[in-house]
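Residue numbers (the numbering used here), protein chains in the order written: chain A, 350 to 712; chain B, 149 to 522; chain C, 5 to 311.
These aren't lab readings, by the way, just hints derived from the structure by calculation.
Among the hints, a few may not be true.
To be verified - Ranges of calculated distance between the beta carbons of each label pair, as one might list FRET restraints:
hint, chain 1, residue 1, chain 2, residue 2, range
1, C, L277, A, G599, 48 to 58 Å
2, B, A432, A, P469, 45 to 55 Å
3, A, P525, C, G162, 44 to 54 Å
4, B, G425, A, A404, 45 to 55 Å
Unchecked claim - Restricting the straight-line Cα-Cα distance to at most 30 Å, the calculated cross-link-like pairs of lysine-lysine (DSBU-like) are:
hint, chain 1, residue 1, chain 2, residue 2
5, C, K119, B, K450
6, C, K119, B, K214
7, B, K428, B, K475
8, A, K574, C, K96
9, B, K475, A, K397
As the list claims (entries may be wrong) - Quick look at which bits of chain B chain A covers, simulated, 3 or more residues with Cβ under 8 Å:
hint, stretch
10, 216 to 227
11, 241 to 252
12, 424 to 431
Please read all numbers here as calculations on a predicted model, not as lab measurements.
Beta carbons are placed, not taken as given, at the ideal position from N, Cα and C, and that holds for glycine.
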Amino acid sequence: MADQTMIGSTGATWLPALARRSEAVVIPLAALVLGLGLFGLFLLTQGKSPVDFMAIVWKGAYGSAFSLQNTLSRAAPLLLAALCVALPARLGLVVIGGEGAIVLGGVATGALGPHLAAVPPIVALPLLGLIAMAVGGLWIGAAGALRFYRGVNETISSLLLAYIAIALMNHLVEGPFRDPASLNKPSTLPLVDALRVGNLPGMEVHWGLAFGLLACVASWVLIDKTTWGFAARIVGGNVRAAQVQGLPVGRLILGFTALAGGFAGLAGFFEVTAVFGSANASLASGYGYTGILIAFLARHNPLAIIPVALLLAGFDAASGLIQRRMDLPDATILVLQGFVFLVILISDTAYGRLKLFHPERWA
Amino acid sequence: MRLSPKTLSRRHFLNGAAALSGVALTSSLPMMARAAAPLTVGFIYVGAKDDFGYNQSHAEGAAAVKAMEGVTVVEEENVPETIDVQKTMESMINLDGAALLFPTSFGYFDPHVLAVAPKYPDVRFEHAAGLWHEGLPTNVGSYFGYIGMGQYLNGIVAGHMTKSKKIGFVAAKPIPQVLLNINSFLLGARAVDPTITCQVIFTGEWSLAVKEAEATNALCDAGCDVITCHVDGPKVTIQTAAGRGAYVCGYHANQSALAPDKYLTGAEWNWAGVYTGMVKKVLAGETLPNFMRGGLTDGYIKMSPLGPAVTPEAKAQFDATMAEIMKGGYAVIKGPLKDNKGNVILKDGEKQVETDIKLESMDYLVEGVLGATS
Amino acid sequence: MEHDIGLWGIPIAILGGAIRVSTPFLFVSLGEVLTERAGRINLGLEGTLVFGAMSGYATAVLTGSAWAGVAVAALAGAVFGLVHGILCSLPKVNDIAIGIAMMLFGTGIAFYFGKPYIQPVAPHLPAIPLGFWSDLPQLQAALQVNVLFVAGLGLALGMAWMLRATRIGLTLRVVGDSTDAARAMGLRPNVIRTLATAAGGAFAGIGGAFLSLYYPGSWNEGLSSGQGLMAVALVIFARWNPIACFGAALLFGGAGALGPALQSVGISSGYYLFYAAPYVLTLGVLIATSSPNRAMAGAPGELSITK
Numbered sequence: 350m351a352d353q354t355m356i357g358s359t360g361a362t363w364l365p366a367l368a369r370r371s372e373a374v375v376i377p378l379a380a381l382v383l384g385l386g387l388f389g390l391f392l393l394t395q396g397k398s399p400v401d402f403m404a405i406v407w408k409g410a411y412g413s414a415f416s417l418q419n420t421l422s423r424a425a426p427l428l429l430a431a432l433c434v435a436l437p438a439r440l441g442l443v444v445i446g447g448e449g450a451i452v453l454g455g456v457a458t459g460a461l462g463p464h465l466a467a468v469p470p471i472v473a474l475p476l477l478g479l480i481a482m483a484v485g486g487l488w489i490g491a492a493g494a495l496r497f498y499r500g501v502n503e504t505i506s507s508l509l510l511a512y513i514a515i516a517l518m519n520h521l522v523e524g525p526f527r528d529p530a531s532l533n534k535p536s537t538l539p540l541v542d543a544l545r546v547g548n549l550p551g552m553e554v555h556w557g558l559a560f561g562l563l564a565c566v567a568s569w570v571l572i573d574k575t576t577w578g579f580a581a582r583i584v585g586g587n588v589r590a591a592q593v594q595g596l597p598v599g600r601l602i603l604g605f606t607a608l609a610g611g612f613a614g615l616a617g618f619f620e621v622t623a624v625f626g627s628a629n630a631s632l633a634s635g636y637g638y639t640g641i642l643i644a645f646l647a648r649h650n651p652l653a654i655i656p657v658a659l660l661l662a663g664f665d666a667a668s669g670l671i672q673r674r675m676d677l678p679d680a681t682i683l684v685l686q687g688f689v690f691l692v693i694l695i696s697d698t699a700y701g702r703l704k705l706f707h708p709e710r711w712a
Numbered sequence: 149m150r151l152s153p154k155t156l157s158r159r160h161f162l163n164g165a166a167a168l169s170g171v172a173l174t175s176s177l178p179m180m181a182r183a184a185a186p187l188t189v190g191f192i193y194v195g196a197k198d199d200f201g202y203n204q205s206h207a208e209g210a211a212a213v214k215a216m217e218g219v220t221v222v223e224e225e226n227v228p229e230t231i232d233v234q235k236t237m238e239s240m241i242n243l244d245g246a247a248l249l250f251p252t253s254f255g256y257f258d259p260h261v262l263a264v265a266p267k268y269p270d271v272r273f274e275h276a277a278g279l280w281h282e283g284l285p286t287n288v289g290s291y292f293g294y295i296g297m298g299q300y301l302n303g304i305v306a307g308h309m310t311k312s313k314k315i316g317f318v319a320a321k322p323i324p325q326v327l328l329n330i331n332s333f334l335l336g337a338r339a340v341d342p343t344i345t346c347q348v349i350f351t352g353e354w355s356l357a358v359k360e361a362e363a364t365n366a367l368c369d370a371g372c373d374v375i376t377c378h379v380d381g382p383k384v385t386i387q388t389a390a391g392r393g394a395y396v397c398g399y400h401a402n403q404s405a406l407a408p409d410k411y412l413t414g415a416e417w418n419w420a421g422v423y424t425g426m427v428k429k430v431l432a433g434e435t436l437p438n439f440m441r442g443g444l445t446d447g448y449i450k451m452s453p454l455g456p457a458v459t460p461e462a463k464a465q466f467d468a469t470m471a472e473i474m475k476g477g478y479a480v481i482k483g484p485l486k487d488n489k490g491n492v493i494l495k496d497g498e499k500q501v502e503t504d505i506k507l508e509s510m511d512y513l514v515e516g517v518l519g520a521t522s
Numbered sequence: 005m006e007h008d009i010g011l012w013g014i015p016i017a018i019l020g021g022a023i024r025v026s027t028p029f030l031f032v033s034l035g036e037v038l039t040e041r042a043g044r045i046n047l048g049l050e051g052t053l054v055f056g057a058m059s060g061y062a063t064a065v066l067t068g069s070a071w072a073g074v075a076v077a078a079l080a081g082a083v084f085g086l087v088h089g090i091l092c093s094l095p096k097v098n099d100i101a102i103g104i105a106m107m108l109f110g111t112g113i114a115f116y117f118g119k120p121y122i123q124p125v126a127p128h129l130p131a132i133p134l135g136f137w138s139d140l141p142q143l144q145a146a147l148q149v150n151v152l153f154v155a156g157l158g159l160a161l162g163m164a165w166m167l168r169a170t171r172i173g174l175t176l177r178v179v180g181d182s183t184d185a186a187r188a189m190g191l192r193p194n195v196i197r198t199l200a201t202a203a204g205g206a207f208a209g210i211g212g213a214f215l216s217l218y219y220p221g222s223w224n225e226g227l228s229s230g231q232g233l234m235a236v237a238l239v240i241f242a243r244w245n246p247i248a249c250f251g252a253a254l255l256f257g258g259a260g261a262l263g264p265a266l267q268s269v270g271i272s273s274g275y276y277l278f279y280a281a282p283y284v285l286t287l288g289v290l291i292a293t294s295s296p297n298r299a300m301a302g303a304p305g306e307l308s309i310t311k
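Pulled out of the complex, with its shape left as it was, chain A reads as follows:
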């Protein structure tokens, strides 16, 4: 008898709990499948086989050790770029200028790195990383400060600051900081080998990925598990209420925007130390803008950023194979992303509507 009650009661608790928790997984996954299906229909109108297409995407993105590492390499900067949007979003701020912080973080690394050749790498690398974070933090923090102290809308100011940062980067890389020996691709002086960040053990993916994942987890802890994060969410809900509560709204805005910019700056640091070996104009390659999309798809949840970034990076990694194998233009992958992400975003409307996930309505 006692046993039966126990089984009965656990049965009654784990199933509803599972149902509740699975909503946030099942709905986006179903949307992903639906989006892929819609894109398949589009492919049929183009006279191409959706089955072949999906097989090639799988092969190019995740289907082999090489492809998986290709995807992971591409995801590394996207994680940090997405955090640059997701963190301020918790305060209700829409920051779209992460590109600027990435670029300047990279320039700072490229400009200072060559002067640290004599410093032990164990000191020099963290120092460079922190400087890149500081520069990026200053840039996005400026958008936060303008918002708080001057009432300047952060969406437009961060975008303007991003364009200004890119111009500054071009000027510095081709002017004052240019290595005269960099001929057809103007760049800063090259970093010494000791200051090049290598790959993760046993992988062909640089350390930026580990730091990106770490940053996502840390941000999740910050937002969901600390009083700072709690306060930030209150500010995001209602600024006036937060002020009435006596929350330090200004410090929260400055802190979160600066941290967000710091993460973007760190992405720039890894581009220079792990990929380029010097700073050049290719630092402005659009990661900051991709990050906006990822953050919104992840609903600004730092942990959700990880799978979304992997999905997006996987599509990018497969793009080349699609061009080569199916004779489709490079824009095909953009169309695919458009279909998939639209459906995933529309699926937001399904939350709370399906009885399956809401045990309280089962009866």
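Following the hints, put chains B and C in place on chain A, whose structure we already have.
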């Protein structure tokens, strides 16, 4: 596909770093190669394949290779100069079995080609415009053409056709290749009339339509009446300049269809011959040289047919100079020569002929060019 | 050298640049004013602009008529706007996020179907030579005013009047300021917002057609370097006022002409910094005219981005 390269590379390394015989190539194809053809060649472009410019010129070369017997061509366009191009090269090698790669954009070379090449010693990386030198991976080669000669010929025609004695140049970035083109364009014009000046405007980007149009308008406003450019896709510059009534000289590819009345001539790449020649050598098992350059004589570049507006005097000097260049050893950059800040570049009697490697690290604009390098 | 006008070239270039470059900014930002006044934000107008440019160009190539291109671009833009509007009418769907996805979708579709139209040459939209009175070729060129620019000016004036003095304008403003108040008045906020977004999309499509069919006047994948996104941001700068949008677009276009113009008169060092002039100037004006107390005067109450 990380299972093979290390082991494969060690084995083939024993065959010598330049193990580029056809046999070595086929035997080194990784397992996932889908091509039955003995040689898979990969072409990578930084922009769209049909941009009327740089990328199109290479894609036309790739099309010629595609038509060859026993060769499979794989292509990717719009590949940025980031880790993307590294992964694209590796993907072509690992998933398509490519054994010969042509990453065609300037910015692919350092660090990207140089980072990937050592991992795949059996694959040949041929880069346009890179400067290979002793000490770099031996499976890397760089090739390019003396297209400055073409801009010099453009300048000669421009020198005859300009009435304002001011010609214009829309340039992307102040890198050596671009500076050499600007200087050659002006020196060509000055071979006709030494009072001519050339206004240059840098747009700062290789492909940015609105800025190119604005730069062209600014040149027209400044009184320039013959205009050429060095950006990835000259279409906007050519159309805008012709629309303002200026004559135009083409670059990269033949743009005469865009402005039939105003198009004088143009400096074009002729990659079809170069690429088929290189692929033939690889198929025959020969080793490609690490450093290849060629000019008009070698068929690396060619001139667009002269347009209807070109005067007989202009044609005469154009033809005569062309004949001189075809003899080889021609020098556009020769003393006495000053830069536009007054520094002496070459003394009287000194010269740098078209093959001179020093030209590829040019960092000045010559006297008579209005503009600055940074 | 008879027409060498020296430093006078700079103001003339700024004037010319303002007229040439401003039109796409103007149309996109006017479209976004309509949308945002109704309480929604459509960040996807960059994608609409690019698709408008492509579809307009393709139509002009196929039909030989630039105006047919403009019409198709407007129609395509309206469809994009309609899709955005309908999707955002679903509960819990975030308009900013849908906009970003639409940006990707629009750009992707435009690039996908635009490949065959990179090469062909399309007829251009006509211009009105308003500089006929001057002997200076520079001024004549600067005052080559495109019909769409004039139409944009008319549209800005018309919209300002409409928003202030007409029933449609009042309806838009009510819906934008308070969903509850609008419902109380018997209005259907979602329908009105969707229509406003569709109209805004049509404007953005026309802005794109201007890019491909007049200036710079060709279709390629690098045609829009973020003009659509910037124009959406300019709406906040212009505080949702159509006339101010016209001013902002002119300022932006004129400042953009500074870089090439300065190089052409010999001020050539640091040109990247001159190219940043429109952004620095806009930011400067924004900082100067903002105030922490009246944070977002003129902002529609229901707008998610300024809440």
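- Task: Could you grab the alpha-carbon distance between K119 of chain C and K450 of chain B and see if it respects the 30 Å cut-off?
- Result: Measuring from Cα to Cα gives roughly 27 Å; hence the hint holds.
- Message: Can you confirm whether the C-alpha distance between K428 of chain B and K475 of chain B stays at or below 30 Å?
- Response: The given pair, whose Cα atoms are some 26 Å apart, holds under the 30 Å limit.
- Message: Please verify the coverage claim for the stretch 216 to 227 of chain B: does it have three or more residues whose C-beta sits within 8 Å of some C-beta in chain A?
- Response: holds (count 6)
- For the pair A432 of chain B and P469 of chain A, does the Cβ-Cβ distance stay inside 45 to 55 Å? holds (52 Å)
- Holds or violated: are the alpha carbons of K119 of chain C and K214 of chain B at most 30 Å from each other? holds (20 Å)
- How does the Cβ-Cβ distance of L277 of chain C and G599 of chain A compare with 48 to 58 Å: does it lie in that range? violated (32 Å)
- Item | Hint check for G162 of chain C and P525 of chain A - Cβ pair distance inside 44 to 54 Å | holds (49 Å)
- Item | Check of the stretch 241 to 252 of chain B against chain A for coverage (Cβ-Cβ below 8 Å, three residues minimum) | Holds, because 3 residues of the stretch 241 to 252 of chain B bring their Cβ atoms closer than 8 Å to Cβ atoms of chain A.
- Given the range 45 to 55 Å, decide if the beta-carbon distance of G425 of chain B to A404 of chain A lies inside it. Violated, at about 37 Å.
- Message: Just to be careful, I want the Cα atoms of K475 of chain B and K397 of chain A compared with a cutoff of 30 Å; is the pair within it?
- Response: Given pair K475 of chain B, K397 of chain A is violated - Cα atoms ~53 Å apart, limit 30 Å.
- Message: Between the alpha carbons of K574 of chain A and K96 of chain C, is the straight-line distance 30 Å or under?
- Response: Since the Cα atoms of K574 of chain A and K96 of chain C sit roughly 25 Å apart, the hinted pair holds (cutoff 30 Å).
- chain A over the stretch 424 to 431 of chain B, status - at least 3 residues with CB closer than 8 Å: Not satisfied, violated; 0 residues make the cut.
Hint violations for this structure: numbers 1, 4, 9 and 12, all remaining hints satisfied.
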